[in-house]
Amino acid sequence: MIVYPIRSNLARPGDAIPELFSKALSTNRMRVESKDIVAVSSKIVGIAENRIRYLDSIKPGSKARSLARKHSLTPAFAQAVLDEADKLVGGVKGALLTVKNGDAVANAGIDRKNAPE
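Those letters in the sequence shown? Residues 74 to 190, by the numbering used here.
Among the hints, erroneous ones may be present.
To be verified - Calculated lysine-lysine pairs in the DSSO-like style (CA-CA distance at most 30 Å, straight line):
#  : residue 1 : residue 2
1  : Lys143    : Lys132
2  : Lys143    : Lys166
3  : Lys96     : Lys108
4  : Lys116    : Lys160
5  : Lys160    : Lys173
6  : Lys108    : Lys132
7  : Lys166    : Lys136
8  : Lys166    : Lys186
9  : Lys116    : Lys96
10 : Lys166    : Lys96
11 : Lys160    : Lys143
12 : Lys166    : Lys132
13 : Lys173    : Lys116
14 : Lys132    : Lys186
15 : Lys96     : Lys160
16 : Lys96     : Lys143
17 : Lys136    : Lys108
18 : Lys136    : Lys96
19 : Lys173    : Lys136
20 : Lys173    : Lys186
21 : Lys96     : Lys132
22 : Lys132    : Lys116
23 : Lys143    : Lys173
24 : Lys116    : Lys166
25 : Lys116    : Lys143
26 : Lys160    : Lys132
27 : Lys186    : Lys136
Unchecked claim - Here are the simulated distance ranges between beta carbons:
#  : residue 1 : residue 2 : range
28 : Arg185    : Lys143    : 17 to 23 Å
29 : Glu92     : Gly167    : 31 to 37 Å
30 : Ala89     : Lys136    : 16 to 22 Å
31 : Gly175    : Val111    : 20 to 26 Å
32 : Asp159    : Met103    : 20 to 26 Å
33 : Ala89     : Ala168    : 29 to 35 Å
34 : Ala112    : Lys132    : 47 to 53 Å
35 : Lys186    : Pro91     : 38 to 44 Å
36 : Arg104    : Ser139    : 49 to 55 Å
37 : Ser130    : Ala179    : 20 to 26 Å
38 : Arg104    : Arg142    : 49 to 55 Å
To be clear, the hints were calculated from the coordinates, so they are not data collected in a lab. Just so you know, even glycine gets a beta-carbon here, dropped at the ideal spot from N, CA and C.
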């Protein structure tokens, strides 16, 4: 199996993923052929679906503030993780271990890397 990355513009809320994908294929001079497998990052899907939260709009509760102190997180980020997670398992410096949709995942799958401004 050979994996080819397809570079694209950063997705924005409301973007249609098939259109982004088609444009990225064209820009990269690539095409999808029969039996090819296409994987799309959950981040692009989340942004396109407008699953974005602005940390300055989140009001942390006491549990989030406590977790933030203990694990070197911002209180708003800790609250966002608590809001999104099905279960909190534990944490280390800079991350909380959670369960979401039956899977163990850091920070309930939330991250800030490449987030739109």
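Verification of the hints:
no.: 1; hint: Lys143 / Lys132; verdict: 18 Å, holds
no.: 2; hint: Lys143 / Lys166; verdict: 8 Å, holds
no.: 3; hint: Lys96 / Lys108; verdict: 21 Å, holds
no.: 4; hint: Lys116 / Lys160; verdict: 21 Å, holds
no.: 5; hint: Lys160 / Lys173; verdict: 7 Å, holds
no.: 6; hint: Lys108 / Lys132; verdict: 47 Å, violated
no.: 7; hint: Lys166 / Lys136; verdict: 16 Å, holds
no.: 8; hint: Lys166 / Lys186; verdict: 18 Å, holds
no.: 9; hint: Lys116 / Lys96; verdict: 18 Å, holds
no.: 10; hint: Lys166 / Lys96; verdict: 40 Å, violated
no.: 11; hint: Lys160 / Lys143; verdict: 18 Å, holds
no.: 12; hint: Lys166 / Lys132; verdict: 22 Å, holds
no.: 13; hint: Lys173 / Lys116; verdict: 15 Å, holds
no.: 14; hint: Lys132 / Lys186; verdict: 21 Å, holds
no.: 15; hint: Lys96 / Lys160; verdict: 39 Å, violated
no.: 16; hint: Lys96 / Lys143; verdict: 45 Å, violated
no.: 17; hint: Lys136 / Lys108; verdict: 48 Å, violated
no.: 18; hint: Lys136 / Lys96; verdict: 44 Å, violated
no.: 19; hint: Lys173 / Lys136; verdict: 19 Å, holds
no.: 20; hint: Lys173 / Lys186; verdict: 20 Å, holds
no.: 21; hint: Lys96 / Lys132; verdict: 39 Å, violated
no.: 22; hint: Lys132 / Lys116; verdict: 24 Å, holds
no.: 23; hint: Lys143 / Lys173; verdict: 22 Å, holds
no.: 24; hint: Lys116 / Lys166; verdict: 23 Å, holds
no.: 25; hint: Lys116 / Lys143; verdict: 27 Å, holds
no.: 26; hint: Lys160 / Lys132; verdict: 20 Å, holds
no.: 27; hint: Lys186 / Lys136; verdict: 24 Å, holds
no.: 28; hint: Arg185 / Lys143: 17 to 23 Å; verdict: 20 Å, holds
no.: 29; hint: Glu92 / Gly167: 31 to 37 Å; verdict: 36 Å, holds
no.: 30; hint: Ala89 / Lys136: 16 to 22 Å; verdict: 38 Å, violated
no.: 31; hint: Gly175 / Val111: 20 to 26 Å; verdict: 24 Å, holds
no.: 32; hint: Asp159 / Met103: 20 to 26 Å; verdict: 37 Å, violated
no.: 33; hint: Ala89 / Ala168: 29 to 35 Å; verdict: 33 Å, holds
no.: 34; hint: Ala112 / Lys132: 47 to 53 Å; verdict: 36 Å, violated
no.: 35; hint: Lys186 / Pro91: 38 to 44 Å; verdict: 24 Å, violated
no.: 36; hint: Arg104 / Ser139: 49 to 55 Å; verdict: 52 Å, holds
no.: 37; hint: Ser130 / Ala179: 20 to 26 Å; verdict: 23 Å, holds
no.: 38; hint: Arg104 / Arg142: 49 to 55 Å; verdict: 52 Å, holds
In summary, the numbered hints that this structure violates are 6, 10, 15, 16, 17, 18, 21, 30, 32, 34 and 35.
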